[in-house]
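I would like the entire structure built from these sequences, with the hints used as guidance.
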Amino acid sequence: GAVVSQHPSWVICKSGTSVKIECRSLDFQATTMFWYRQFPKQSLMLMATSNEGSKATYEQGVEKDKFLINHASLTLSTLTVTSAHPEDSSFYICSASTGGGWTDTQYFGPGTRLTVL
Amino acid sequence: GENVEQHPSTLSVQEGDSAVIKCTYSDSASNYFPWYKQELGKGPQLIIDIRSNVGEKKDQRIAVTLNKTAKHFSLHITETQPEDSAVYFCAAKGPGSGGSNYKLTFGKGTLLTVNP
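From first to last, the protein sequence lines are chains A and B.
The first sequence: position 29 = 29 (our numbering), numbered continuously.
The second sequence: position 67 = 67 (our numbering), numbered continuously.
Any given hint might turn out to be false.
What the hints assert, rightly or not - Distance condition first, Cα-Cα at most 20 Å in a straight line; then the derived SDA-like pairs of lysine to any residue:
#1 B:K58 x A:R113
#2 B:K42 x A:E22
#3 A:K41 x B:K22
#4 B:K42 x A:F39
#5 A:K66 x A:K41
#6 B:K37 x A:K55
#7 B:K71 x B:S26
#8 B:K37 x B:Q14
#9 B:K42 x A:S9
#10 B:K57 x A:T80
#11 B:K42 x A:V3
#12 A:K20 x A:V62
#13 A:K41 x B:Q14
#14 B:K68 x A:T103
#15 B:K108 x A:S43
#16 B:K108 x B:S74
#17 A:K41 x B:N3
#18 B:K37 x A:T105
#19 A:K14 x A:S83
#20 A:K20 x A:T80
#21 A:K41 x B:S12
#22 B:K108 x B:S12
#23 B:K42 x A:S5
#24 B:K42 x A:P40
#25 B:K71 x A:W102
#26 A:K41 x B:P8
#27 A:K20 x A:S54
#28 B:K68 x B:D49
#29 B:K22 x B:K71
#30 A:K41 x B:K37
#31 B:K37 x B:V20
#32 B:K68 x A:D104
#33 B:K42 x A:T105
#34 B:K42 x A:T103
#35 A:K14 x A:T80
#36 B:K42 x A:S43
#37 B:K57 x B:H76
#38 A:K41 x B:E5
#39 B:K22 x B:V87
#40 B:K57 x A:T105
No lab work stands behind these hints: they were computed from the structure.
Okay, structure coming up:
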């Protein structure tokens, strides 16, 4: 199946700093990429959807100025957590879709564990 | 928006037994239903999916059934093995909100434990 990578796999930062997470589709072109957040023992919650070359669409309650998403190419999307605080500590997972239709398969990356001290 | 309910939240079976996880969804416009397996500390891995134009799909020990009229779908794992132990998520894809074209909504997950 299609492979999605994330970097870094884990990061620890101080409160108030910014952290950038990269998501890459390794063997396919991803028209659409998604960013999810997952707290311990909970389900995945969609944060935003990004189409290559367009502004990301954020889910209700997600601060667009805090979680900056860039999808500059068909194989790379980045999520920047600005001015991170301890409550931002979570498991961030990206996903990439092989197409733009409703029934197109979504493949997930391995996740990035963010800990804000 | 879409709401996906998943049951049970935990499931413990003996090696070799079958495991069944059930999900219901609320939006009749949803037409794509994947299942993901997530091991501790890792991202979800797609194990099987079904689209609304079929009622059943099988891949070796794993099968999924879909009843669009009743708006429910199920995952069946036969001949379970200890390495099947993980959290399983069902999901439904339908119309998104906030301007997105479509959105994958997840169930809350089922922790499957296969005892040797």
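List, from low to high, the hint numbers that the structure doesn't satisfy. Hints 1, 5, 6, 10, 13, 34 are the ones this structure does not satisfy, whereas the remaining hints hold.
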